[in-house]
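Since the structure of chain A is provided, determine the placement of chain B on it from the hints.
Letter by letter, the chains look like this.
There are 2 protein chains.
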Amino acid sequence: MSAPDPGLLALNTATTRKRWGLAQAIAGCARHGVRGIAPWRDQLHEMGIEPAVQAIRGHGLTVTGLCRGGMFTAADAAGRKAAIEDNLRALDEAHALGAQCLVLVTGGLPTGSKDIAGAREQVRDGIAAILPHARRAGVPLAIEPLHPMYAADRACINTLGQALDLCDALDARSEGGLGVAVDVYHVWWDPNLEGQIERAGKARLLAFHICDWLVPTRDLLNDRGMMGDGVIDLPRIRAWMQQAGYAGFHEVEIFSELDWWRRDPDEVVETSRERHRRCC
Amino acid sequence: MSAPDPGLLALNTATTRKRWGLAQAIAGCARHGVRGIAPWRDQLHEMGIEPAVQAIRGHGLTVTGLCRGGMFTAADAAGRKAAIEDNLRALDEAHALGAQCLVLVTGGLPTGSKDIAGAREQVRDGIAAILPHARRAGVPLAIEPLHPMYAADRACINTLGQALDLCDALDARSEGGLGVAVDVYHVWWDPNLEGQIERAGKARLLAFHICDWLVPTRDLLNDRGMMGDGVIDLPRIRAWMQQAGYAGFHEVEIFSELDWWRRDPDEVVETSRERHRRCC
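For the record, the sequence lines run as chains A and B. So for the first sequence, the numbering used here puts the first residue at 1; every next one is plus one. So for the second sequence, the numbering used here puts the first residue at 1001; every next one is plus one.
Next up, chain A with everything else stripped away, as it sits in the complex:
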């Protein structure tokens, strides 16, 4: 496997969010030659959508995805309706940014519920409700299967196969507008990963997120590693993605309370560039 095209590196701004707002992250990407960026909506709202659009366009960056939509599960109908309305707004924002997708973290169990099958039905219904708007807006929905350790409180879609089953159920004729985000952190362990990436194919592979799984992992949420510092065979997974037809960006997304969030973001981005070249 040859080294990846450095022009395909993208920054998910969660990686630098403790020290950089969105304007700084945009400037930082430009300064370091990172050509793709994935903003989060809270920072987008802080900066303002129009200024963000101008800054991103001014630097010629690609918006690899907007983080995030989803969170469809709720204890009552009013909560589910509010979630759908929020997703429609997110789609409009993603459209304004020219984002390549809206990333969906689907939501876990509603408060007080033990019915994970029911939660999964809520997710299906939620995505079905926003898919027409996504198609109109020209913003594909990228279902991100999250690691099973987040099944209760973040996302009840936990494997790539399950996400693709959902795509097949809601977009049976492959009309587009629906696919998956493959984040190595969530799926690296899956014995069916290679086959499911192949099954997804170019049409459904909308995003590729990279980081690493540390041993030991000290925190369930915010202890992701920099590429190369953990146990994920990144070149192998990238090869599977490419063989399946994915030609998009490689988006660094690192939640790291104990390490990378404490560092100077310029160092984090430079390290990401170096590790992308050397370890991915």
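None of these hints come from the bench; they were simulated from the model. It should be emphasised that the depicted structure is a prediction, and the values quoted were computed from it without experimental measurement. Check each hint, because a few of them may be wrong.
Stated by the list, open to error - Below are the DMTMM-like pairs computed for lysine to aspartate or glutamate, each with C-alpha atoms no more than 25 angstroms apart in a straight line: (1) A:81 with A:115; (2) B:1018 with B:1042; (3) A:114 with B:1223; (4) A:114 with A:175; (5) B:1114 with B:1165; (6) A:114 with B:1005; (7) A:18 with A:219; (8) B:1114 with A:229; (9) A:114 with B:1274; (10) B:1114 with A:259; (11) B:1114 with A:194; (12) B:1018 with B:1198; (13) B:1018 with A:223; (14) B:1114 with A:198; (15) B:1114 with A:219; (16) A:114 with B:1042; (17) B:1114 with A:274; (18) A:114 with B:1198; (19) A:114 with B:1229; (20) A:114 with B:1233; (21) A:18 with A:50; (22) B:1114 with A:223; (23) B:1202 with B:1165.
Below, chain B without anything else, positioned relative to chain A:
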């Protein structure tokens, strides 16, 4: 779903290990009317095998499983050979105890390795190496799929489907001696759980471990909940087990640094009894 037969409650001694040695756990089970026990090898060695056999027999307890064998993965052939030899000793101990199975926690990535497919091959080879001895000893091997968050450092077998694939590969003609341990903590999130329990059937369902998944979970290893305190739909999973033909014990196994390990084990066992009746 009617309440479970209280006579099917068993204690995995990990639940009480911080305050009770094995002799105390055996006496505790007898005192509280818990009819099954699953010892761990370190405590078994401390007590001595013959005294343990006598005490367990004296109280008429069933040994639902010996914890644990496995850990087949290693960086070199000498390490893998040592693991196999240790598993053979574990089988002899399990035989002496009349254990219903030897629980296999398969092992994760060898130190320095990122090759999870290779680790899985090592596991397959390790189980193949000890299966004849298990059959001779009359101690079935129970492959325990562990939650994917342990894929790197504890077990690279992470779903029930994957464990059953391994059973089918190594025991193609269902000659016996090989099956699975279903621990709700590891598999509750799996969208294929019901189907895989059905697939396993009576012949391969060797053990059933219960506890709960807490929200939030504060530690990857030692923050399991008491049945009823988390989000797992225990009656539903028990129903699937019974429908598949499983008629064995329901073994409470709670690793809980922050809560249950700090309490009086008599309280823990009594609470387990009450929750088993009410929440399982």
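Outcome of the hint check:
Between residue 81 of chain A and residue 115 of chain A the CA atoms are separated by roughly 19 angstroms; this keeps the pair inside 25 angstroms, and the hint holds. In summary, the hint linking residue 1018 of chain B to residue 1042 of chain B is supported, as the alpha carbons are separated by about 12 angstroms, within the 25 angstroms threshold. Distance hint between residue 114 of chain A and residue 1223 of chain B is fulfilled; the C-alpha atoms sit about 18 angstroms from each other, no more than 25 angstroms. A threshold of 25 angstroms between alpha carbons decides the hint, and for residue 114 of chain A with residue 175 of chain A the separation of about 34 angstroms lies outside it, so the pair is violated.
At most 25 angstroms may separate the alpha-carbon atoms for a hinted pair to count; residue 1114 of chain B and residue 1165 of chain B meet this at roughly 22 angstroms. Between residue 114 of chain A and residue 1005 of chain B the alpha-carbon distance is near 22 angstroms, which keeps this suggested pair within the 25 angstroms criterion. Restraint check for residue 18 of chain A and residue 219 of chain A: satisfied, since their Cα atoms lie roughly 17 angstroms apart, inside the 25 angstroms limit. Between the alpha carbons of residue 1114 of chain B and residue 229 of chain A the distance comes to roughly 11 angstroms, so the proposed pair stays at or under 25 angstroms and holds.
Under the criterion of a C-alpha separation no larger than 25 angstroms, the hint pairing residue 114 of chain A with residue 1274 of chain B is consistent with the structure, at around 20 angstroms. Restraint check for residue 1114 of chain B and residue 259 of chain A: the C-alpha separation of about 22 angstroms stays at or below 25 angstroms, so the hint holds. Our distance criterion of 25 angstroms between C-alpha atoms is met by residue 1114 of chain B and residue 194 of chain A, whose separation comes to about 15 angstroms. Proximity of residue 1018 of chain B to residue 1198 of chain B is assessed by CA-CA distance (about 36 angstroms); at most 25 angstroms being required, the pair is judged violated.
The suggested pairing of residue 1018 of chain B with residue 223 of chain A is violated, with an alpha-carbon distance near 28 angstroms, which exceeds 25 angstroms. The suggested pairing of residue 1114 of chain B with residue 198 of chain A holds, with an alpha-carbon distance near 21 angstroms, which does not exceed 25 angstroms. Of the pairs offered as hints, the one joining residue 1114 of chain B and residue 219 of chain A holds, with about 21 angstroms between alpha carbons and a cut-off of 25 angstroms not exceeded. For a cut-off of 25 angstroms, the pair hint linking residue 114 of chain A to residue 1042 of chain B is broken: about 35 angstroms separates their Cα positions.
For the suggested pair residue 1114 of chain B and residue 274 of chain A, the alpha carbons sit about 20 angstroms apart, so the restraint of at most 25 angstroms is met. Only pairs whose Cα atoms come within 25 angstroms are accepted, and residue 114 of chain A paired with residue 1198 of chain B is accepted, the gap being roughly 21 angstroms. Taking the CA atoms of residue 114 of chain A and residue 1229 of chain B, the gap is about 11 angstroms. The hint holds against a cut of 25 angstroms. For the hint linking residue 114 of chain A to residue 1233 of chain B, the alpha-carbon distance of about 5 angstroms falls within 25 angstroms, and the restraint holds.
Distance check on the hinted pair: residue 18 of chain A and residue 50 of chain A sit about 23 angstroms apart at the alpha-carbon level, within 25 angstroms; holds. As the CA atoms of residue 1114 of chain B and residue 223 of chain A are separated by approximately 18 angstroms, the hinted pair is consistent with the 25 angstroms bound. For a cut-off of 25 angstroms, the pair hint linking residue 1202 of chain B to residue 1165 of chain B stands: about 16 angstroms separates their Cα positions.
Against the hints set out earlier in the document, violations occur for numbers 4, 12, 13, 16.
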